[in-house]
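There are 4 protein chains.
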Amino acid sequence: MAPRRTLRVGMVGYAFMGAAHSHAWRTAGRFFDLPSGIEMTALCGRSEPQVRQAAARLGWSSHETDWRALIERDDIDVVDICTPGDSHAGIAIAALEAGKHVLCEKPLANSVAEAEAMAASAEKATGHSMVGFNYRRVPALALARRLIGQGRLGEIRHVRAQYLQDWLTDPLFPLVWRLRRENAGSGALGDLGAHIVDLAQYLLGQHIESVGALLKTFVAERPLPAASSGLSAAGAAGTDRGRVTVDDAALFTARFTGGAIGIFEATRFASGRKNAMRVEVNGARGSLAFDFESMNELAFYDAAEDPDQAGFRRILATEPGHPYMDAWWPPGHIIGYEHTFTHEVRDFVMAVASGEAPSPSFADGLQVQRVLAAVEASAHANGVQVPVPGSV
Amino acid sequence: MAPRRTLRVGMVGYAFMGAAHSHAWRTAGRFFDLPSGIEMTALCGRSEPQVRQAAARLGWSSHETDWRALIERDDIDVVDICTPGDSHAGIAIAALEAGKHVLCEKPLANSVAEAEAMAASAEKATGHSMVGFNYRRVPALALARRLIGQGRLGEIRHVRAQYLQDWLTDPLFPLVWRLRRENAGSGALGDLGAHIVDLAQYLLGQHIESVGALLKTFVAERPLPAASSGLSAAGAAGTDRGRVTVDDAALFTARFTGGAIGIFEATRFASGRKNAMRVEVNGARGSLAFDFESMNELAFYDAAEDPDQAGFRRILATEPGHPYMDAWWPPGHIIGYEHTFTHEVRDFVMAVASGEAPSPSFADGLQVQRVLAAVEASAHANGVQVPVPGSV
Amino acid sequence: MAPRRTLRVGMVGYAFMGAAHSHAWRTAGRFFDLPSGIEMTALCGRSEPQVRQAAARLGWSSHETDWRALIERDDIDVVDICTPGDSHAGIAIAALEAGKHVLCEKPLANSVAEAEAMAASAEKATGHSMVGFNYRRVPALALARRLIGQGRLGEIRHVRAQYLQDWLTDPLFPLVWRLRRENAGSGALGDLGAHIVDLAQYLLGQHIESVGALLKTFVAERPLPAASSGLSAAGAAGTDRGRVTVDDAALFTARFTGGAIGIFEATRFASGRKNAMRVEVNGARGSLAFDFESMNELAFYDAAEDPDQAGFRRILATEPGHPYMDAWWPPGHIIGYEHTFTHEVRDFVMAVASGEAPSPSFADGLQVQRVLAAVEASAHANGVQVPVPGSV
Amino acid sequence: MAPRRTLRVGMVGYAFMGAAHSHAWRTAGRFFDLPSGIEMTALCGRSEPQVRQAAARLGWSSHETDWRALIERDDIDVVDICTPGDSHAGIAIAALEAGKHVLCEKPLANSVAEAEAMAASAEKATGHSMVGFNYRRVPALALARRLIGQGRLGEIRHVRAQYLQDWLTDPLFPLVWRLRRENAGSGALGDLGAHIVDLAQYLLGQHIESVGALLKTFVAERPLPAASSGLSAAGAAGTDRGRVTVDDAALFTARFTGGAIGIFEATRFASGRKNAMRVEVNGARGSLAFDFESMNELAFYDAAEDPDQAGFRRILATEPGHPYMDAWWPPGHIIGYEHTFTHEVRDFVMAVASGEAPSPSFADGLQVQRVLAAVEASAHANGVQVPVPGSV
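Protein chains in written order, with this note's numbering: chain E, 2 to 393; chain B, 2 to 393; chain Y, 2 to 393; chain S, 2 to 393.
Hint data in this document are derived by calculation from the structure and do not stem from the laboratory. It is possible that part of the hints are untrue.
Said to hold, decoys possible - Far from chain S by the CB rule (all over 12 Å, computed), these chain B residues:
1) Arg6
2) Gly30
3) Gly91
4) Gly100
5) Glu117
6) Pro172
7) Ala277
8) Ser360
9) Gly391
As the list claims (entries may be wrong) - Partial chain Y-side listing against chain E, Cβ under 10 Å, derived:
10) Leu144
11) Arg147
12) Leu299
13) Ala300
14) Asp307
15) Gly312
16) Phe313
17) Arg314
18) Arg315
19) Leu317
20) Glu320
21) Pro321
22) Gly322
23) Pro332
All C-beta atoms in this analysis are idealised placements derived from N, C-alpha and C, irrespective of residue type, glycine included.
Generate coordinates for the entire structure from the input sequences, incorporating the hints supplied.
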């Protein structure tokens, strides 16, 4: 019998995504039967005192302050990238060239060019690579994919997807890194829109072939963050002001390769909607609807039912037969946001162990990036439908 | 004291809308204190046996088979037009020229040109005129308008409006009049989209100034209706086939004159959605959401609340202080679809009695028609944003 | 061919129930194909000026001030009783003895003795009689009964029924007739509990055989109504105070003849619940749930479904195949509270015309009264289970 | 500065509750700033191979096969009891006498006598003790308690609490330990009813002073578990049959010390309800409602609002100001069932470190046990209200 392998992980970044990923690396092997052990070997961040403290708190055995040093270490098998999008390409390509496996947070990159380089690098690398569209790992959404894949919805007609948050409604909220093009690439489009683009394509098993878009920045100027806040996600506002260089909201229509049409909206200005990632799919034989704020539920309408008894069913996706759920609690005992990362780690580890390419790949991430670029191009061309290169 | 006037009504058409309007004319004075009495004087339709039977059933005192004859009658004060859109202009203009008051079902007409003629005629007429956007008379939506008018939502950022039905998902459903451009003008766009365009503009108190659109016909050919079915709304399919000449679904983005942006969708292919006219409005200080399938409810988020206690409230719009509701039942005893017409008749009668112009006017109906025309123009121009003439 | 009969109706009482019944008599024949015509012949009330005005407004051709005079009239076929419970027995028995058909509002009477006399009178009468448990005519609930009758729920285990309102939470709300035992018989128990007792027995097709109860009066004394308010349902409070002599809330457990158990609650102190008549039934093979505040919806869980796809379906009970709904609007165009009375009138007229006994009968009303009496007996006996006489 | 203490934990039992507690001990210090470190020192179970495997999987450093040996170890500060109720008293008392802190799963014991002995032992022990009513640690319910404590609901009138599951509807489900009185003490009553009794008393800050009850066993006999299944929670059925000696469902009414009344239902026969622990509280000034299947939401009705704008708010209890939530994710990113245990461990560790008695205490667990005993006594006395000794 072959000895059980252990994957030794090094993670870059330790803010919001870093905490979520740390929990996932720590937890996946406790609930799932994994073919490999997991060692949380090293955490990497620029500030030594901060990364040291974070490593202790999040449970990493060592720390580094330079990601190049992390990649050079022999005792690291996996590099997990949890930094803002502008640094993804550099780290990922270097890690792949060093023979590491790479898990990279979404969006894959801030530009198509970077994403192309990453996908090309992944193509020729010996290590595996995966982009972190964690919402594919919501059991209710994996169930939705399964139902669509089984043909339960028939030919797909409509997708309507929204990702609604409200943390920017206050015009005095400071100009954090997510509001600067140079760091974030885009605004609601890349932050939120990337998720619903990936999700819609994943659910339908179809690519978006063209988009017609409208982007809007509601609040053109904001106070700069107070000096002490650095690039933190939130934090206090200072007295100086700067320009918001990304979109506040992105609206677009889409044509899919298989004949469906879609309507998409991403915004951080929807008062009262905290994390409303919503998607509805209508097919000739049925429909599905989902809202992340109730992420354990999937609404399913089966048009094959007797019309007198048909109706949207609220499937509580907590049964042992639902994706991922046999590892958790009895039916009705719901799970939360962080489980999506635990499932992601499970799938990544399973794929690496089996030698199969994990999904979604960097090529998938690149394709999403091309959709986002087409959205921006359409918006700049006054909304005209712009084709997405390479959609099939 | 002036003698109490009685309005003598003649109605043209007696299908779905005719039944709804008949109920409204019969009921309004029983629940509301109206300044005029109402007489259901004559019903008009092309087939004598059918219109005679309909008049008896729906409670009209006499009948006519030619709308010109109806308009010539001295004992008719009001002409209520419930026919398909292609006949609206002819009847309405003749009625106005004959000095009648006119209530005309939506959409005002099948083309901008017709609508312009109607609005011009209304402008110079002595009688009053009104277009039947009945959803303005849903108490929960009238409440929504009141809250927005009071500034409870602050500056408006987003509108997302959908009108989803599913009665065309079956490709064997016959080619009824609503699927022919020459009768219906357009498909989901005019039938359903007109409602949400009017509603969004009414709620915001802003016009749409440009749109970027995508129209789609999913089922290009359908069986012709069986010979016996005529122009009925449903009915059996025959063996011959014909082309669908209207859209099956309409998607569009919109810019409003006040700076808000909107996203709209109208379709009759959303399996499981029976009459889901949904609208959500997000402002800087709050949000509102509505779904016609639960038409007695309005969801309201007040961002001024303590964040620990904030949440979308489900206002059951059945309190005596809610629009129209003091005429009906105790709180929690809900009302239905037909009440929107009863309220419409109430408002029309009140306006006529007071001498004030009823709202929405033919000019309002024309403006909606211009938005619909811009949607079609944009779709033909590959989605580019098309301005709506005359928006202010 | 036999000449079409016309039923000539005389109604006693014209408050809340009178308005609802008037609408039903006026409307039923417009939407349903009835075998008889309906004439709204006479309205009866004690105050001549008030009843005259009410008759004009509600559409009755004449009026009476003494119900005995109404019953003596030859041109009355049906007596419809919409008065408080203390007068039901007298009017109903006299009307039946005069050969009239009788429709009597619920609860049938204020005491078992009165109800027994009424049921005995109905038994030997030539006219038909029916008690007005209108909630049986909610399409979603008639559908629920159909599904249970088809065995879709298997053996029934549980009923949980609540009727929650909140109009008495304010201790300064005046001591109206519904709060006096001599007029109302009981409090929440008879007003609201009667509905859920009838409904539970109707849905299950089983009788309640014993109950264990707790009654509570939260506010023992209230201001008397201002002199001018009379016995109105609401109205201004005066300065004198009087004792509340009925229950404010009734809680009870129940055993059904078929082995199911139930839990019931009726209250007018549930802040925020306006008309929340809720019932859930759990059987070995499925469950149903209903809330009157969303009266067009029925939730149905089918335990025979694949566990991975099972879930409560929200059936929008607006399809043409649903009880009563082919008379109304297209799917998704919901109906309201008043329709339950229109359906009740339809069923009553159909039964009278066919010569079959309408349902629920006075015997059914008596049985409900016996359950209510057992509830009171149990509460007085400190909650011990008290059998319901005659349950089978 | 005092050295940071570390709590060394030994846990008894490693089934469902054991997995949940292990996760909590592993996770609490990663998200909350705890004054003590946590060491998962030893896991205890009767079967050596099984407990060894469980310790490895769940992350415990060592294992024991006799709880007495565990208690004797010097390197254990805390004993966490996750076994069936019949062994709680023996382990807890021995652990307390040995000077350990004790966290004991609910229900505290299978009988009042055992619970009294445990509470007496806790009273005189030097270690701290706590009973594991984890649902107090649902953020939405802790928020509910806060709102009631602030008087936002005014005087409390009603509690309606249900705990509905459906895993026993199949009569072929085997006779597992939870269905034997000697192991489980009672059926749905102790398993589920204990939770809602504790929760109702916690939310109201009032004790139940008397109860009137009805217990029912729907399926009197079941197949014994297949020999190999042992006392597992589920597992295959064998061919022999045995008697179910506990209740399948418990219904009861209750009077609270402060004047409120309540209605309770616990069952494992509610088809389609997976973990529907529901509670609604109605007060003179407002109401609250909760359902565990949507455990991140609290519905709140504030009767002080303008009636035109009042309605149940859906508070998404994921804001940083909500109890426990500043440790987790951004608003709208929901948490799950297991977090209740992580919060429980946090509170236990905080209390131990501060020297304050953790809550709920063994005395609180005893009081719940007395309510459950009164429920059983009432059911045996045909439902008569039975007082709960010692309620104040």
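Cross-check of the supplied hints:
Every Cβ of chain S is farther than 12 Å from the Cβ of Arg6(B); the closest lies at roughly 33 Å, confirming the non-interface assignment. The claim that Gly30(B) is not at the interface with chain S holds, since no C-beta of that chain comes within 12 Å of its own (minimum 26 Å). Gly91(B), annotated as away from the interface, keeps every beta carbon of chain S farther than 12 Å; the closest lies near 43 Å. The Cβ of Gly100(B) sits about 40 Å from the closest Cβ of chain S, beyond the 12 Å cut-off, so the non-interface label holds.
For Glu117(B), the shortest C-beta to C-beta distance to chain S comes to about 39 Å, beyond the 12 Å cut-off, and the non-interface label holds. Taking the minimum C-beta to C-beta distance to chain S, about 35 Å, the non-interface status of Pro172(B) holds against the 12 Å cut. The beta carbon of Ala277(B) sits about 20 Å from the closest Cβ of chain S, which is more than 12 Å, so the claim that it is off the interface holds. Every Cβ of chain S is farther than 12 Å from the Cβ of Ser360(B); the closest lies at roughly 22 Å, confirming the non-interface assignment.
No beta-carbon of chain S comes within 12 Å of the beta-carbon of Gly391(B); the shortest separation is about 35 Å. Given the 10 Å rule on beta carbons, the hint for Leu144(Y) holds: about 7 Å separates it from the nearest Cβ of chain E. Because the smallest distance between the Cβ of Arg147(Y) and any Cβ of chain E comes to about 8 Å, under 10 Å, the interface hint for this residue holds. Interface hint at Leu299(Y): satisfied, since its Cβ lies 8 Å from the closest Cβ of chain E, which is below the 10 Å cut-off.
With its C-beta approaching chain E no nearer than about 8 Å, Ala300(Y) sits inside the 10 Å limit, and its interface hint holds. Among the interface hints, the one on Asp307(Y) holds; its C-beta lies about 8 Å from the nearest C-beta in chain E, closer than the 10 Å criterion. Interface hint status for Gly312(Y): upheld, as the beta-carbon distance to the closest one in chain E is roughly 4 Å, under 10 Å. For Phe313(Y), the suggested interface contact is upheld, since its CB lies about 5 Å from the closest CB of chain E, less than 10 Å.
A distance limit of 10 Å between C-beta atoms decides the matter here; for Arg314(Y) the minimum to chain E is near 4 Å, and the interface restraint holds. Of the supplied interface hints, the one on Arg315(Y) holds, with its beta-carbon coming within about 5 Å of a beta-carbon of chain E, less than 10 Å. Annotation: Leu317(Y) was flagged as interfacial toward chain E, and the flag holds, the nearest CB pair being 6 Å apart, inside 10 Å. Given the 10 Å rule on beta carbons, the hint for Glu320(Y) holds: about 5 Å separates it from the nearest Cβ of chain E.
Proximity of Pro321(Y) to chain E holds as hinted, the smallest CB-CB distance being about 8 Å (cut-off 10 Å). Interface hint status for Gly322(Y): upheld, as the beta-carbon distance to the closest one in chain E is roughly 4 Å, under 10 Å. Look at Pro332(Y): its Cβ gets to within about 9 Å of chain E, closer than 10 Å, so that hint holds up.
Every hint from the earlier list agrees with this structure, and none is contradicted.
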